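This note's numbering numbers the first residue of the first sequence as 7 and each following residue consecutively.
Just so you know, these hints were derived from the structure itself, not from any lab.
Here the structure is a predicted model, which is why all the values come from computation and not from measurement.
Backbone N, C-alpha and C define an ideal beta-carbon position, used for all residues, glycine too.
It is possible that part of the hints are untrue.
Mimicking SDA-like on lysine to any residue, the simulated pairs with C-alpha atoms at most 20 Å apart in a straight line are [said to hold, decoys possible]:
id: 1; residue 1: Lys196; residue 2: Asp185
id: 2; residue 1: Lys545; residue 2: Phe197
id: 3; residue 1: Lys70; residue 2: Asp59
id: 4; residue 1: Lys133; residue 2: Tyr584
Each pair of labels, with its calculated beta carbon distance range [to be verified]:
id: 5; residue 1: Arg316; residue 2: Glu426; range: 23 to 31 Å
id: 6; residue 1: Glu401; residue 2: Gly488; range: 41 to 49 Å
id: 7; residue 1: Leu611; residue 2: Glu268; range: 45 to 53 Å
id: 8; residue 1: Glu253; residue 2: Asp351; range: 50 to 58 Å
id: 9; residue 1: Glu401; residue 2: Pro578; range: 22 to 30 Å
id: 10; residue 1: Thr473; residue 2: Pro578; range: 32 to 40 Å
id: 11; residue 1: Arg278; residue 2: Met95; range: 48 to 56 Å
id: 12; residue 1: Pro496; residue 2: Gly127; range: 33 to 41 Å
id: 13; residue 1: Asp38; residue 2: Gly166; range: 22 to 30 Å
id: 14; residue 1: Pro578; residue 2: Glu543; range: 37 to 45 Å
id: 15; residue 1: Gly446; residue 2: Tyr592; range: 14 to 22 Å
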Amino acid sequence: MHAYRTHTCAALRKSDEGKTVKLSGWIHRKRDHGGVLFIDLRDTHGLTQCVVDQDSPLLAEIEKWRPESVITVEGRVKPRHAGTENAKMATGDIEVYIDKATLQSAADVLPLQVAEPDGAGEDVRLKYRFLDLRREGMHSRVRLRNNVISSMRRRMWDKGFQEFNTPIMTASSPEGARDYLVPSRLHPGKFYALPQAPQQFKQLLMVAGFDRYFQIAPCFRDEDGRADRLAEFYQLDVEMSFVTQEEIFATMSPVVGGIFEEFNAWTGTQHRVEWLPNMSWHEAMLTYGSDKPDLRNPLVICDVTEVFKRDDVEFKAFKNIIASGGVVRAIRCPKVAEQPRSFFDKLNAWAQGEGAPGLGYIKWDPLPNVSKGETIPSGSDSNPGGPIAKFLSDEALSELRKIADIKSGDAVFFVCDKEEKAAKFAGRARDKICDDLPEGHASAREKGVYKLFWVVDFPMYEMDEKTGKVDFSHNPFSMPQGGLDALNGPDPLAIRAMQYDCVCNGYELCSGGIRNHRPEIMERAFALAGYDKAVLEKKFGGMLNAFRFGAPPHGGCAFGIDRIVMLLANEPNLREVYAFVMNGAYEDPMMGAPSEPSEQQLKDLHLKTVMPVKMQDEKKRA
RNA sequence: GCGGGCGUAGUUCAGUUGGUUAGAACGCAUCCCUGUCACGGAUGAGGUCGCGGGUUCAAGUCCCGUCGCUCGCGCCA
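Between the sequences and the hints, there should be enough to build the whole structure, so can you do that?
Here it is in structure tokens:
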């Protein structure tokens, strides 16, 4: 017989009755009745109930073994007595009557409970991640992640892509974030960088003639974390040669959509997967106030600056801001007028908490003799109310209704600021309003659906408001729409890039572009952002050189695997979908990382550490 | 770098206006129990109330500082 097991803990059924079997696993739960002891034995596959009664000399010994100890039991498979079967367990019709038992590894008293969710905090869970991972939720989320990655690989190979490995220790590549650096022993004073993305390598593979690349690629960025952002993460990194933007969408939409279809019922709720038409970046920012809008939220934003510019509108607060170049955005909220006063007051308080002067609104309470939903442009179907209504003439109100498509019973919230700020704040208010509405309201967030679409036509450049300096707004590898001619045009801020994102339920899943493979266009593109040829050569010399020896037109994208798994697992925190992660301060309390190197290590690496003044003081005091 | 929230038993939490010996649940230990499946019952151990300072007759509670965790802003695809 096998040293440890003949079956897994999920395998045995009634048909195995009478067999002598061996199982190994963890003591999940013990139920000790004095004369009879039940042990639920667990492995990664499932649970099997094992029994010892007082006829057995083993009882006294086994009683002492604590939960989460690893044991091996040998015994006979017996059908459970009539009425004691457990329909909730796959193996619930049988039990294993223990003849022999070995304690393979005893468990100490546990710092967190494995069999029960005990609400243990993240610091404890991360320190004892190996225990946390035994728990049902983490265990199955890690498996979900593995399955998603496996499915991605299969889908990519099926489409003729091959998986490549690219270096982890490489050169710093300025993609925006800070690099993690690795000191070189052989080259004093020089450092390798961990890749923020394998961007240049995948483009070089295109130059090398491999025309369909993918990689489940680790990426590293030394920027502060968030619930959905860590120092290291994985991307499904993709690049193709001789393709248009549309071909990339046509290739990748079925891959990511297929993943959502395949795993969408994992949380137990079936979700629909809906693809919506491409949206321009400009439309996303205007209509939704975000470059990654959640389209389950039905509220839309429109520009109503014209209304507040009118001579018969007396609202000075907005007029002053408009006079200095500001805009007014209106968030149209169907059927929201009937919400209680407290709903509007709470939103106003929220806006003030966010640093805004408030969140003004107008609501159109239906007049009793007019049926709901009926539109009379003059506004005579309803009674406009709210703090701002009195500043607008009847004509202004009716223009507002026309522009914002307002019906009786609707409400509108206003945001007034410089364009970019107004757009973004209106976007956040749009989400806040939607979330504050009661469940089932016509304007509440839709449930049970993944809404996917591509945002296209990102601007190539943006202007820093303070310095007035023009810089790349996304990454500098994208081809400008219109090529060199566009770059020689009068207004760099009007140039769109062949740059796109894939968005799902408010998360940016993927970012990509058709790359700029022409050195002369790249030179001009960098010049517009104020970088001279020398900078370009220093930063991208390797890739630029390659482009001088025959580079195919190419493009690609990279999907954040963790965000996809977060959506599938319905978890708002990235740390819930990784086996091993660092905490918010990028420390690993289990492994003790980061740690101080030894003197010898520093010497080998030709390094000396200079501690921040604050920490030097602390050391002195200690 | 900045802001919000939190810090009390192994774990999750309660702790009133500052007032006697700081509580509960789960876990742990000992004992009882032959059919449970979150088994049940009895008893018990377990605390520098994050740390330092202050106010007070008296501080888990109030004040100041500091550290840690967490969420967000800045930053970052």
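- Query: Which hints, by number, does the structure contradict?
  - Reply: 9, 11, 12, 13 and 15
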